[in-house]
Amino acid sequence: MNANQDIHELLNNAKQTNHQELTGLSSLNDDTLKDFQSSWFQLLVTKRREIIQRLVSLAEDNLELDFDNVFLCCIEDEDNQVRAASIEGLWECEDRKLIPLLSYILRDDPATEVRAKAAVALSRFALLAHLGKLINKDAQQIMSILKSTIDLTEEDIEVKRRAVESIGAFDTKEVHEIIQLAYQHRDRRMKYSAIYAMGKSNNPYWIPNIVRELQSVDPEMRYEATNACGEMAEEDLIPELLELFEDEDIEIQASAVSAVGNIGGDMARRVLLNSMNAGDSQLAEVAEIALEKLDAGEDLSNMSMNPYRRLSD
460 MNANQDIHEL
470 LNNAKQTNHQ
480 ELTGLSSLND
490 DTLKDFQSSW
500 FQLLVTKRRE
510 IIQRLVSLAE
520 DNLELDFDNV
530 FLCCIEDEDN
540 QVRAASIEGL
550 WECEDRKLIP
560 LLSYILRDDP
570 ATEVRAKAAV
580 ALSRFALLAH
590 LGKLINKDAQ
600 QIMSILKSTI
610 DLTEEDIEVK
620 RRAVESIGAF
630 DTKEVHEIIQ
640 LAYQHRDRRM
650 KYSAIYAMGK
660 SNNPYWIPNI
670 VRELQSVDPE
680 MRYEATNACG
690 EMAEEDLIPE
700 LLELFEDEDI
710 EIQASAVSAV
720 GNIGGDMARR
730 VLLNSMNAGD
740 SQLAEVAEIA
750 LEKLDAGEDL
760 SNMSMNPYRR
770 LSD
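Just so we're aligned, residue 460 is where the sequence shown starts under the working numbering, counting upward by one.
Incorrect hints may appear among the rest.
[Stated by the list, open to error] With a straight-line Cα cutoff of 25 Å, these simulated SDA-like cross-link-like pairs (lysine to any residue) come out:
hint	residue 1	residue 2
1	K592	D554
2	K596	D610
3	K752	N736
4	K752	K596
[Claimed, not checked] If you anchor each label on the Cβ, the simulated ranges turn out as follows:
hint	residue 1	residue 2	range
5	P559	E636	37 to 47 Å
6	E707	V504	35 to 45 Å
7	E468	Q639	53 to 63 Å
8	E710	D490	45 to 55 Å
9	T482	Q643	24 to 34 Å
10	D754	P559	39 to 49 Å
11	D525	P559	43 to 53 Å
12	N668	N477	46 to 56 Å
13	E551	D754	40 to 50 Å
14	A743	P569	27 to 37 Å
15	Q479	T571	14 to 24 Å
No wet-lab data here; the hints were simulated from the structure.
We put the beta carbon where it would ideally sit given N, CA and C, even for glycine.
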């Protein structure tokens, strides 16, 4: 999209926006972005919500599309839903300049859903810090804002639990205590997040807790535990996961299959091949995808997946 009139045509309240026009918002140059900004805030809120949600979906489906500049612009929108969606749209961005912005949003945004999205977005940077791909100053800032959020008594539990999930990657003694307290929390939602954080820590210390929750009567807990097994990537966990291939919940079955693929190795390959030939078409399809990615050496962990896709509880 090169001409300013194209921007005005796209940002028209009365006009149905088509796919080609939306993809034209990819990789906007500075001049066109300025025109976008001036036009965007004149749109009705319903139109802004529609466009931003469609851009998020397009960006997830086609990694060659780059709407980061648009999302950064819309992150300042007055509408909570637009701000939240804009943060989600930036899920794959690893620009360290996002760290102070997300920290500010997590601390000061008036909307719970927006603060929660910011806490989730920081998980990617927490993992990068854990992998040594960020400078110490960045790691300290991420750790500080997440811990402050968790310690804030008046903060909504939805925001606090997402901060617990994100901080798990650091796996320090202090974080260990945070996860333990979250696991003992009276609210089950916080317990779910504790299991998630255990997986992200990649610390074998937590394996007994995770294995125990594979047998939970709560399907949400079993789901989180299967994902955590995949994050741990310990071959000894495969027999435990096999039992969940016959779980009453199809999502848990699929999660268990994907977790086996993420663990990898010869045993995982045999298990996936058996699942492909077991006669269950849905499970066979998941197993086939997991095996293809395993053989291709692709990352099946949550680092390569949009983390917001699991936030349905």
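For each hint, the structure was consulted:
A hinted pair counts as satisfied when its Cα atoms are at most 25 Å apart, and K592 with D554 qualifies at roughly 11 Å. Pair hint K596 plus D610 holds up; C-alpha atoms about 21 Å apart against a cutoff of 25 Å. Under the criterion of a C-alpha separation no larger than 25 Å, the hint pairing K752 with N736 is consistent with the structure, at around 18 Å. Proximity of K752 to K596 is assessed by CA-CA distance (about 35 Å); at most 25 Å being required, the pair is judged violated.
Against the hinted window of 37 to 47 Å, the Cβ-Cβ separation of P559 and E636 comes to about 27 Å, which falls outside the hint. Judged by the Cβ atoms, the range 35 to 45 Å given for E707 and V504 holds: they are separated by roughly 42 Å. Look at E468 against Q639: about 56 Å separates their beta carbons, and that is inside 53 to 63 Å. Taking 45 to 55 Å as the suggested C-beta distance range, the pair E710 and D490 conforms, at roughly 46 Å.
Checked against the given bound of 24 to 34 Å, the beta carbons of T482 and Q643, roughly 48 Å apart, lie outside it. The hinted range of 39 to 49 Å is satisfied by D754 and P559, whose Cβ atoms lie roughly 41 Å apart. The given range of 43 to 53 Å is broken by D525 and P559, whose C-beta atoms sit roughly 21 Å from each other. Checked against the hint of 46 to 56 Å, the pair N668 and N477 passes, with Cβ atoms roughly 50 Å apart.
Our hint of 40 to 50 Å for E551 and D754 is violated, since their Cβ atoms are close to 24 Å apart. At roughly 47 Å, the beta carbons of A743 and P569 sit outside the given window of 27 to 37 Å. Between Q479 and T571 the C-beta distance comes to about 36 Å, which lies outside the given range of 14 to 24 Å.
In the structure shown, a violation is registered for the earlier hints numbered 4, 5, 9, 11, 13, 14, 15, in ascending order.
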